[in-house]
Amino acid sequence: MATISSTTCLTLADWAARREDGEIADIVNLLSQTNEILDDMLWKMGNLATGNKTTVRTGLPAATWRMLNYGVPRAKSTTAQITDSCGMLETYSLVDKDLANLEGDVAAFRLSEDMAFIEGMNQQMAGTLFYGTEQSDLPAFTGLAPRYSTVDATRAANAVNVIDAGGRGTSNTSMWLTCWGPTTAFGIFPKGRIAGLQRNDVTTDAPVLDANGNPYQAYQSHYKWDCGLTVRDWRYVVRIANIDVDSLTGDSAANLISMLVAAVHKIPTMPRGVTNVQTATQATGGQPLSWGRPAIYVNRTLGTALDLQALNKTNVLLQMLEWDGKPVTAFRGIPIRTCDQILNTEETVQ
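Under numbering that gives the first Met the number 0, the first residue of the sequence shown carries the number 0, and numbering increases by one thereafter.
A few of these clues could be false.
Unchecked claim - Here are the simulated lysine-lysine pairs, DSSO-like style, with alpha carbons at most 27 Å apart:
1. Lys43 - Lys75
2. Lys223 - Lys52
3. Lys325 - Lys190
4. Lys190 - Lys223
5. Lys43 - Lys190
6. Lys52 - Lys265
7. Lys190 - Lys96
8. Lys265 - Lys96
9. Lys223 - Lys43
In short, the hints are calculated from the structure, not lab data.
The task is simple: from the sequences and hints, build the whole structure.
Here is the structure:
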């Protein structure tokens with residue numbers, strides 16, 4: 000007799016475990032996470048079928064002090080093009096029709112399974128936003144950490160936006176200051192596609208195959224998320240790396256407040272309540288540079304440490320504010336957001 004794999008399909012035991020008092024249970028998801036970066040990101044359709052191509056200026060034309068009766072050489076600015084690829088995150092949910100029909104309310108039973116897939120894909124997406132790299136996982140997209148992976152300015156220009164908190168070994172974490180905006184950093188989806196996580200009922204009369212290749216009837220859901228990340232102007236993202244999570248208190252602890260001050264001054268322009276870098280430039284026609292929507296991302300370990308520091312009445316930089324009706328710790332008005340996918344096991348950034 001053919002055996003349906005319990006690793007990919009629900010069993011009778013799974014069905015029974017989801018019932019309370021004859022009804023579908025409200026499942027307490029012990030695997031749920033908070034990844035508020037997905038709430039903050041701006042999304043924009045890419046200009047390629049596979050991603051987005053960005054042109055950035057890498058050099059300004061040089062002028063010449065001219066003498067009478069002498070000409071001047073011609074000059075031009077230099078640019079470079081950067082292409083960011085989108086990944087295709089997909090999976091299928093299969094539920095044996097007879098199993099789902101035992102419940103009576105097939106839609107409610109399938110919804111209880113849908114919620115798990117949505118949570119899992121959200122977590123995978125958030126993790127890729129920070130640590131994804133096409134070098135080791137070709138179908139994925141490149142996240143923030145591989146782009147800001149060194150403090151050595153001779154290896155990468157954006158190393159000036161990576162602040163070393165002094166931690167060594169593999170028990171480190173990072174704080175991220177990101178300014179989301181159409182000219183700074185944003186999420187992308189392929190040209191002509193749909194943004195966001197999609198779920199489609201793809202149930203047909205055609206049977207599916209079990210682990211042994213034998214057919215059976217099943218309800219099928221297809222989940223798909225075409226997405227990527229573009230950092231158009233690397234100056235608007237700052238990483239505070241090498242924060243030793245084993246030494247968040249005591250004399251050897253990193254001074255998180257001082258590093259946040261340094262981070263906001265790395266950004267070319269910020270709101271007036273954050274830094275004094277406000278001047279407009281002729282390159283923008285006299286208009287202030289756009290700072291986008293700034294947010295600071297930490298995991299729960301750092302979030303707890305910052306909340307405790309915010310309770311210190313002598314600390315005027317960290318405040319408890321209301322953000323969308325919820326209490327949020329903020330640094331100079333920039334909300335500090337929780338992302339459980341930021342690891343406490345990062346290796347030293349050198």
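How the hints compare with the structure:
1. Lys43 - Lys75: Violated, at roughly 31 Å.
2. Lys223 - Lys52: Between Lys223 and Lys52 the Cα gap is close to 23 Å, so the pair holds against 27 Å.
3. Lys325 - Lys190: violated, 36 Å
4. Lys190 - Lys223: holds, 16 Å
5. Lys43 - Lys190: OK: Lys43 and Lys190 at ~9 Å, within 27 Å.
6. Lys52 - Lys265: Holds, at about 25 Å.
7. Lys190 - Lys96: violated, 37 Å
8. Lys265 - Lys96: With a Cα-Cα distance of about 57 Å, the restraint between Lys265 and Lys96 is violated, given a limit of 27 Å.
9. Lys223 - Lys43: Holds, because 17 Å separates the two Cα atoms, which is no more than 27 Å.
Taken one by one, the earlier hints fail for this structure at numbers 1, 3, 7 and 8, listed in ascending order.
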